[in-house]
Structures are given as C-alpha cells and as structure tokens.
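Chemist: One letter stands for each residue in the lines below.
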Amino acid sequence: MSLPARPSRRKIATMSAKVLNSMLMGESSPFAQELPKALAGMAGWREFAEGELLFHEHQQPDGFYIVRSGKVDLRIMGHLGADFRTAIYGPGAIIGLGTAVSGRPRECTAEATAQTLTNFISRNELLRNMRHSPELTLCIDCLLADEVKRTQQVILKLRNHGRSKRP
Amino acid sequence: MPRAKQTSGKAAPAGALRQHKPSPYGFDMIESCVECEHRGDYRFCNLPAVTIEKLDKMRSAAVYPKGAILFLEGQEARGVFVLCHGSAKLMTSSEQGKTIILRIAAPGEVLGLSAAISGRPYEVTAETLEPCEANFIARRDLMQLLREQGDAGVNAAHELSHHYPTAYRDVRSLGLSTSAQAKMARLLLDWMEEAPGRDQFHMRLTHEEISQLIGSSRETVTRVFSELKRKQLIQVKGARVVLAKRDALETLANS
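These protein sequence lines map, in sequence, to chains A and B.
Quick note on the numbering used here: the first sequence kicks off at 8 and runs consecutively.
Quick note on the numbering used here: the second sequence kicks off at 8 and runs consecutively.
The set of hints was computed from the structure by calculation and includes no laboratory data.
Honestly, I wouldn't trust all of these hints.
Stated by the list, open to error - Heads up, simulated PhoX-like pairs for lysine-lysine below, C-alpha to C-alpha not over 25 Å straight-line: (1) Lys61(B) with Lys73(B); (2) Lys252(B) with Lys156(A); (3) Lys252(B) with Lys236(B); (4) Lys156(A) with Lys78(A); (5) Lys164(A) with Lys105(B); (6) Lys78(A) with Lys164(A).
Said to hold, decoys possible - Computed list of chain A residues with no C-beta within reach of chain B, every gap over 10 Å: (7) Gly51; (8) Glu54; (9) Gln67; (10) Gly77; (11) Thr93; (12) Ala100; (13) Ser109; (14) Arg111; (15) Glu114; (16) Ile147; (17) Lys156.
Each residue gets a CB set at the ideal place from its N, CA and C atoms; glycine is no exception.
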C-alpha cells in the first residue's frame, strides 16, 4: 500500500489553528475529524487481521493509532483471566494516545475484531512534533480531555448499571 | 491516600528568596509560583522560568476551608484550579442521584483541566477534603498560555494522561471485582502505594465517602473494615491505617 504524501509542518499548524479557533469560539469541537487528518501526515500505515492485537495490557507504548477502517475492541483483563470490554471503536477513532503521551504501560488490550486499517504515529514522532508546535499540542490536549470524559462515562455507566449491564 | 506537603509554618529567614505567608490553616501560603519549592515535583508547574512567570501573573491564589466547593458539575468551565496544598474529592451523581467519588486529587493536580480545554461544562464537582490552597487560572488565560507556550501544553497533556491509570483501575475494579471486600482491599493497597514508606497512610475519608468511592454502601464499608481488622490484615490507630499483611490483602484484592 502506498503511503500518502507527508504534509508540511506549516500545513499541520494551519489545520491545528483552525481547530483551535473554533474551540476558542466555543463551538462543538471538530478536532475528532480534523486532527486525524493533520496527524496522518506523521503516520505510517498498519493493517491488522481479525483477532490480531494492536497492543496488549502492560505493554510499553510505542505510539498510537488512528483507525481508518475496520473495528477495534478495547478490553481490560482481570487477575483470574476474566476480561471486560470497555469500548468498541470504528473509523476515525484515536487509540492509545494517553499512554503514548505519558509513556506508562498500556492500560488495556486493543484487538481488531475485523480487518482493520490504521495510521500509526510513533511516540517519538508525536513528542517531537508536540515540542515544536504548541497548536498541535493543544489539539492533543483536547483529544486527551475527550478521552478523560469518555473514561469517566464508562466508570459512571458501570456504577449506574453494575456488572449485569456492562457496556 | 495523597497527602498535602505541609511546611513548618516558621517564618522565612531574613533575606530568603522564598516568599511564604502563614495561612490560618497551619501551612504557609505560596506567594509566588516562581519561588515555589514544590514546582519541580508538580507535573503541570514544572515549567521553564519564562513560562512560570507568565503563569504567575495570570493566577489568583486563595485558601479554602474544608468542604469548600471549587466548582460544580454542569457549571460552565470558567477556568482551572491548581491545587497547591491539601486534597479535594472529585465527584458526580449517579442516575439514582447517589454521590459517586471518582478520584481524590492531590497537591499539584490541575482541577477542571479537561473541561476548560474542551470548553464544555465541568464534568465533576470538586470539594476540598481539608483546608486547601489553590491557584485559579481563567480559561481564556489558560488557553492563551497553552497556545503560546509549548511546554505548558506538553505539561497539560502529561497532566491529562496521568489520570488514565487511576481511571482504568476504577474501571477494572468496577467491571471485574466480585465483592466489596476486593474493591476495599484494592483501594487500601492503592493508598498504601502512594504513601511515604508504602506501609501506612492517614485516612482522610469517612466510611460514607469510601462507599461513594468504591460504589458500595456505608454499612458495607464499615463491615468490611471491621473484617479486615479482625483478620489482622490491617491495623487502625486513630486515623492512621497500617498495612499488616500485604500478601493477604493483595490476594483479597485479586479475588
């Protein structure tokens, strides 16, 4: 598969600024659609067959993924072998960004549940670009803020419904 | 359980660079972020001099008593609170109207950051668990700082991503734990891990608050606590909880 042309740093910054301005205007955040396009310039392609793992729990993070097509399950494993699905992601989703930023081990296992095509951005590339572009960094902050909210919603759902109605 | 780093309360020697002012609550107020001795320990505040000077100009410091509400769930995100001293509980309400504590925030944490960055209402209510000092930074100022100072943005990203392990620990506990005993044991072990020496900590939460943290009832928390003491897995001396049998507590947490 041929890789897309890498956009210039200026183009990345422009796209980030557009996202940033709309955020400051208080509009609904469009970065879920825009940022993957900007980040894609730094990315390589990775393809996964059904059942293949993008990463597993406790693994050291080497980067993060943007799902282009297919489907990915996020699971956490119990100590006695039980597992629990926390989310199902489709095209456009960003997976593993939090641990890619923090450098801490993966908190969950990501498994392709269909033939899945992703963009992969390495941790080194991400951190290097964040250091050079405050606007890109702010967009990453926005994505992380979104992720914090989603995780809180999972916790609330679990608290509200307990084990009988797991997501 | 996280604890505030408290200073001695003594006056700074003449000519000292650090500017401290005693608060009515027994800790010295930090008068300047530039001279703050904790700056290097706090994820967000660990910034180069130029950036910290900008931050210092935009903050407004205040001391809050125990039980003060810093912000309310659903309220428009007007800014962030950088917790300098003390701890605060971050809570929300379940569909049944019960209070759920999501996390206990420790000194150095930035409260309301995700809401302020995304421009959405606060997702949680922040209430102080003890007398606290916090710096408020208005959203507009924060966004300007993040936009202009890349290192502040990177620190904000680290601050946001830091809470994943805690959040996933909650998800793991709620989704996979079978008993209140297991959840309680996991919570105690987590608090031990964060305490200096990792074998005892100062309990700042009531049984009611612990029940809101682990998703159980106050009665169950009291019963489980008694059982753990009776089995000598922990010892309780006033507000101090001492770990007596780590292996047994870990086995229980993993059951």
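Chemist: Against this structure, judge whether each hint is valid.
Modeler: Verification of the supplied hints:
| no. | hint | in the structure |
| --- | --- | --- |
| 1 | Lys61(B) with Lys73(B) | violated (30 Å) |
| 2 | Lys252(B) with Lys156(A) | violated (36 Å) |
| 3 | Lys252(B) with Lys236(B) | holds (11 Å) |
| 4 | Lys156(A) with Lys78(A) | holds (21 Å) |
| 5 | Lys164(A) with Lys105(B) | holds (13 Å) |
| 6 | Lys78(A) with Lys164(A) | holds (22 Å) |
| 7 | Gly51 | holds (22 Å) |
| 8 | Glu54 | holds (27 Å) |
| 9 | Gln67 | holds (14 Å) |
| 10 | Gly77 | holds (24 Å) |
| 11 | Thr93 | violated (6 Å) |
| 12 | Ala100 | holds (16 Å) |
| 13 | Ser109 | violated (4 Å) |
| 14 | Arg111 | violated (6 Å) |
| 15 | Glu114 | violated (4 Å) |
| 16 | Ile147 | violated (5 Å) |
| 17 | Lys156 | violated (6 Å) |
In summary, the numbered hints that this structure violates are 1, 2, 11, 13, 14, 15, 16 and 17.
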